[in-house]
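Undergrad: Residue numbers (the working numbering), protein chains in the order written: chain Z, 1 to 124; chain C, 1 to 273.
Bear in mind the hints are in silico, worked out from the structure with no lab data behind them.
If you're wondering where the values come from, they're calculated on a predicted model, not measured in any experiment.
There could be a bad hint or two in this list.
Over the 12 Å line for every Cβ pair with chain Z, so calculated as not near, a few chain C residues [unchecked claim]: (1) L41; (2) R81; (3) H112; (4) R135; (5) P176.
Within a straight-line C-alpha distance of at most 25 Å, the following computed SDA-like cross-link-like pairs (lysine to any residue) qualify [to be verified]: (6) K116/Z <-> L77/Z; (7) K57/Z <-> E161/C; (8) K57/Z <-> P190/C; (9) K57/Z <-> R193/C.
Cβ atoms here follow ideal geometry from the backbone N, Cα and C, with glycine treated the same way.
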Amino acid sequence: MANVETALKEATTSIEGAIGAALVDYGSGMALGTIGGGKDLDLAVAAAGNTDVVRAKVRTMEMLGLQDDIEDILITLGGQYHLIRLLKGRGATGFFLYLALDRGRANLAMARHQLKKIENELEI
Amino acid sequence: MTAPAPTPAPTPAPVPLPAPMTAVSPLLTRLAAERATGALLRDRGTLFLEDGRIVHAESPATPGLDVLLTTGGGLAPERWREALDRAGARRQVARFLVDSGGLAGGELEICHLAAIFDAAFFALSPGSGPSRFRRGATHWIGSVRSVPAAAVERETRRRRELLDAVWPYPLLDTAPVVPRPAAPGQTVTPRQRLLLHHADGVRTPADLAWVLGRPAFHTLLDVRRLAAAGLVDTPHAAAPAPAAEPLPDWMTQAQSPDVALLRRLRDALEASL
Numbered sequence: 001m002a003n004v005e006t007a008l009k010e011a012t013t014s015i016e017g018a019i020g021a022a023l024v025d026y027g028s029g030m031a032l033g034t035i036g037g038g039k040d041l042d043l044a045v046a047a048a049g050n051t052d053v054v055r056a057k058v059r060t061m062e063m064l065g066l067q068d069d070i071e072d073i074l075i076t077l078g079g080q081y082h083l084i085r086l087l088k089g090r091g092a093t094g095f096f097l098y099l100a101l102d103r104g105r106a107n108l109a110m111a112r113h114q115l116k117k118i119e120n121e122l123e124i
Numbered sequence: 001m002t003a004p005a006p007t008p009a010p011t012p013a014p015v016p017l018p019a020p021m022t023a024v025s026p027l028l029t030r031l032a033a034e035r036a037t038g039a040l041l042r043d044r045g046t047l048f049l050e051d052g053r054i055v056h057a058e059s060p061a062t063p064g065l066d067v068l069l070t071t072g073g074g075l076a077p078e079r080w081r082e083a084l085d086r087a088g089a090r091r092q093v094a095r096f097l098v099d100s101g102g103l104a105g106g107e108l109e110i111c112h113l114a115a116i117f118d119a120a121f122f123a124l125s126p127g128s129g130p131s132r133f134r135r136g137a138t139h140w141i142g143s144v145r146s147v148p149a150a151a152v153e154r155e156t157r158r159r160r161e162l163l164d165a166v167w168p169y170p171l172l173d174t175a176p177v178v179p180r181p182a183a184p185g186q187t188v189t190p191r192q193r194l195l196l197h198h199a200d201g202v203r204t205p206a207d208l209a210w211v212l213g214r215p216a217f218h219t220l221l222d223v224r225r226l227a228a229a230g231l232v233d234t235p236h237a238a239a240p241a242p243a244a245e246p247l248p249d250w251m252t253q254a255q256s257p258d259v260a261l262l263r264r265l266r267d268a269l270e271a272s273l
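Okay, chain Z solo, but in the shape it has when bound (with noise of 0.2 Å):
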């Protein structure tokens, strides 16, 4: 059974080039959980941002009348990667992995690959 902090731990320690991740609570905004991030990148702020941008597809997608859900979200930074994947468990209908990575150090498929990974050990 892992854990949210062992979750994030392993996210940061096992994806090659993480900056820092946060496990987010949707409704609220709130960062149930952080690690890394540091004074270069506040979590807690980049939490409540990014509810905002999950919202903003998910009432595109409305507007589309696509019947699907998001698997992740990708943003490309000149310098970073921000990688937005959103848990489905059966109690989990509002939380999202954030994940930032440095883009000169980052594999983006593998990270992908790994951040699916660590969602299903978080047993949620």
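Once you've looked at the hints, dock chain C against the given chain Z.
TA: Below, chain C alone, put in the same frame as chain Z:
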């Protein structure tokens, strides 16, 4: 125009502390600093502390962990009752739920954190009355995860500001939720649709939180967003009765009639008849 007389440099007026610096609850700050263990009781909720960290919280204004796990999650109500019966007296309900295989540890932890921050938001609200501290009191849920009191205070403040940033009408938080028809082409998310479906014009946001098994703050936030989008009526406080502006004396104070003028008028009328 005369030059002003030279005055000594004005002493700066005392600058009020910016809002984020004021403590949400000075007592909580103090209890955290002295690493106290016990229950902080207020009118709108109770915070349980262990070594100065918050280990649990509950509020009559919010659905408890049981509702979040059963109605909102996948836990069978019988499993919850069984855990209460078998481990309540030992104060290890949380551990029993996970060890007995009824619940994944991650799900319990996440719902428990959601319940803490949700109850704390109401317990620490400004109208929550005076605080009392019962030293040594513990909660039967047992230990799941603890959060620093400062984190709870910071999040409580952020939530207050978020509600008002979305749509600054606090009356929405307690009034019945009355849906309004969507504008042509206006869509709602599945989450919002479910909330609107249960909004029957009688249920308040707190009632809806119970029905949906969602934290109460999340429901307040959803309702404010829906109101901002025009999908829920925004109640307005009854307009204050217009203050009676005193009329000037010359209008209100009756003047004695000009008797002489009235007499002459009467005489003239009689003469012309």
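Undergrad: Each hint: holds or not?
TA: For each hint, the structure was consulted:
no., hint, result
1, L41, "holds (24 Å)"
2, R81, "holds (18 Å)"
3, H112, "violated (10 Å)"
4, R135, "holds (29 Å)"
5, P176, "holds (21 Å)"
6, K116/Z <-> L77/Z, "holds (22 Å)"
7, K57/Z <-> E161/C, "holds (24 Å)"
8, K57/Z <-> P190/C, "holds (12 Å)"
9, K57/Z <-> R193/C, "holds (16 Å)"
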